[in-house]
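Peer 1: If you want the building blocks of each chain, they are given just below.
Number of protein chains: 2
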Amino acid sequence: MQSPLINELIEAFKLLPTIGPKSAQRMAYYLLQNNPNGGKRLAEAIVEAIDKVGHCDQCRNFSETDVCRICASPARKRDQLCIVETPTDVVAIEQSGIYQGLYFVLMGHLSPIDGVGPEDLGLPLLEERLKDGEVSELILATNPTVEGEATAHYIHQMATSMQVPVTRLAQGIPLGGELEYIDSGTLSQAFAGRKAV
Amino acid sequence: MQSPLINELIEAFKLLPTIGPKSAQRMAYYLLQNNPNGGKRLAEAIVEAIDKVGHCDQCRNFSETDVCRICASPARKRDQLCIVETPTDVVAIEQSGIYQGLYFVLMGHLSPIDGVGPEDLGLPLLEERLKDGEVSELILATNPTVEGEATAHYIHQMATSMQVPVTRLAQGIPLGGELEYIDSGTLSQAFAGRKAV
Ligand SMILES: [Zn+2]
Ligand SMILES: [Zn+2]
Numbered sequence: 001m002q003s004p005l006i007n008e009l010i011e012a013f014k015l016l017p018t019i020g021p022k023s024a025q026r027m028a029y030y031l032l033q034n035n036p037n038g039g040k041r042l043a044e045a046i047v048e049a050i051d052k053v054g055h056c057d058q059c060r061n062f063s064e065t066d067v068c069r070i071c072a073s074p075a076r077k078r079d080q081l082c083i084v085e086t087p088t089d090v091v092a093i094e095q096s097g098i099y100q101g102l103y104f105v106l107m108g109h110l111s112p113i114d115g116v117g118p119e120d121l122g123l124p125l126l127e128e129r130l131k132d133g134e135v136s137e138l139i140l141a142t143n144p145t146v147e148g149e150a151t152a153h154y155i156h157q158m159a160t161s162m163q164v165p166v167t168r169l170a171q172g173i174p175l176g177g178e179l180e181y182i183d184s185g186t187l188s189q190a191f192a193g194r195k196a197v
Numbered sequence: 001m002q003s004p005l006i007n008e009l010i011e012a013f014k015l016l017p018t019i020g021p022k023s024a025q026r027m028a029y030y031l032l033q034n035n036p037n038g039g040k041r042l043a044e045a046i047v048e049a050i051d052k053v054g055h056c057d058q059c060r061n062f063s064e065t066d067v068c069r070i071c072a073s074p075a076r077k078r079d080q081l082c083i084v085e086t087p088t089d090v091v092a093i094e095q096s097g098i099y100q101g102l103y104f105v106l107m108g109h110l111s112p113i114d115g116v117g118p119e120d121l122g123l124p125l126l127e128e129r130l131k132d133g134e135v136s137e138l139i140l141a142t143n144p145t146v147e148g149e150a151t152a153h154y155i156h157q158m159a160t161s162m163q164v165p166v167t168r169l170a171q172g173i174p175l176g177g178e179l180e181y182i183d184s185g186t187l188s189q190a191f192a193g194r195k196a197v
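Quick mapping for you: the protein sequence lines, in order, are chains A and B. Counting in the working numbering, the first sequence runs from 1 upward without gaps. Counting in the working numbering, the second sequence runs from 1 upward without gaps.
Any given hint could turn out to be false.
You can't tell identical chains apart in this list, so a pair holds if it fits in one copy or across any two.
[Claimed, not checked] Distance condition first, Cα-Cα at most 27 Å in a straight line; then the derived BS3-like pairs of lysine-lysine:
1. Lys131 <-> Lys77
2. Lys40 <-> Lys22
3. Lys14 <-> Lys52
4. Lys40 <-> Lys77
5. Lys195 <-> Lys131
6. Lys22 <-> Lys52
7. Lys40 <-> Lys52
8. Lys195 <-> Lys77
9. Lys40 <-> Lys14
Hints were generated in silico from the structure; no laboratory data involved.
Just chain A, with the same shape it has in the complex (with noise of 0.2 Å):
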């Protein structure tokens, strides 16, 4: 008996992840009544966010420009270079203020039964970077789970076949824990505890 209008918006809340039916509602009624001009503003940034955000061309993380602002960024360290799998790694990692180097974001971890091959996280690119030299510690911080595990043990292999340097995170992650819900006192630790692997 609703309008079709306010169901396709409550669908369309329901999308996004954590959302059920009882909150959809909730926003989308809350939009209408309360916050049209807020609600607008939300599908604007949407759309721009979606049609504007591209892809660092060096550290492949998400950037509006194709150079994103880590990379070009004078303050970091250029010769550490930090593997994550999702840019709300980065997120994460950023917010806990103890790393100043740079960024390589897989965008995802090696899944050959889903398809996901090494040209798919940028290994290639990756490669080519090591080859120039600049880097002389590979930090890898990606999630340890059994795709994590395996997308890192990967990547030390070609680090090492190119004689550079692998750090891993120290323990202190949980098993099964995933980078993104960590919270700044533990990434530190981790960050200040890693070791030559």
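Start from chain A and add chain B with the ligands according to the hints.
Peer 2: Relative to chain A, chain B with the ligands alone:
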């Protein structure tokens, strides 16, 4: 260090009810990383709903047509009129399936301090409606808050002066509610309204 467009998207998500910084970040990255098509669908649904959903000429509920589906339905009893504060109240009552009459949606409650008077709630329209004699029971279902009660009182007087019978939803302990967690106001009303069994 994040892309300004991603920051703006996170800020816009934070406008939604119950969404804090962490959830907003998760939603923003989820749309970019995993579901850009879903994001476009959400943006379009927001804009469509805000642009095209207006109010029903008869009951003031949200509607994209002049007369909403409930008011236009031949299946509804036209002699019962239930007064609610908001469209979400209509949704809640419709979900219970208990009521087959029509609604009148105030889109708020009387609040002199915020400058909300009878005209803002469409009460002249309600008066016209009562005048035409079709309504034989007006059901007050405003919220049991100070403002809701004051609004109910105002409408009660209006209906009585026009010889329209008025009822009020029963107040008491909710189904499954545990006595020890029920507030004393509700308990008082439950006592006052007790019945022989
Ligand atoms: Zn970059
Ligand atoms: Zn209507």
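Peer 1: If a hint holds in the structure, say so; if it does not, say that too.
Peer 2: A quick look at each hint next to the structure:
1. Lys131 <-> Lys77: within (18 Å within a copy, 79 Å between copies)
2. Lys40 <-> Lys22: Both: 22 Å inside a chain and 22 Å across chains, each within 27 Å.
3. Lys14 <-> Lys52: Intra 24 Å, inter 21 Å, cutoff 27 Å: intra and inter.
4. Lys40 <-> Lys77: Classified as neither; 40 Å inside a copy, 38 Å across copies.
5. Lys195 <-> Lys131: This pair counts as within: shortest intra-copy Cα distance 23 Å, inter-copy 83 Å.
6. Lys22 <-> Lys52: Between. Shortest inter-copy distance 23 Å satisfies the 27 Å Cα cut-off; intra-copy 32 Å does not.
7. Lys40 <-> Lys52: both (18 Å within a copy, 13 Å between copies)
8. Lys195 <-> Lys77: Cα proximity of lysine 195 and lysine 77: one copy only (19 Å, versus 75 Å across).
9. Lys40 <-> Lys14: Cα proximity of lysine 40 and lysine 14: in one copy and across copies (18 Å, 14 Å).
Consistency with the previously given hints fails for number 4 only.
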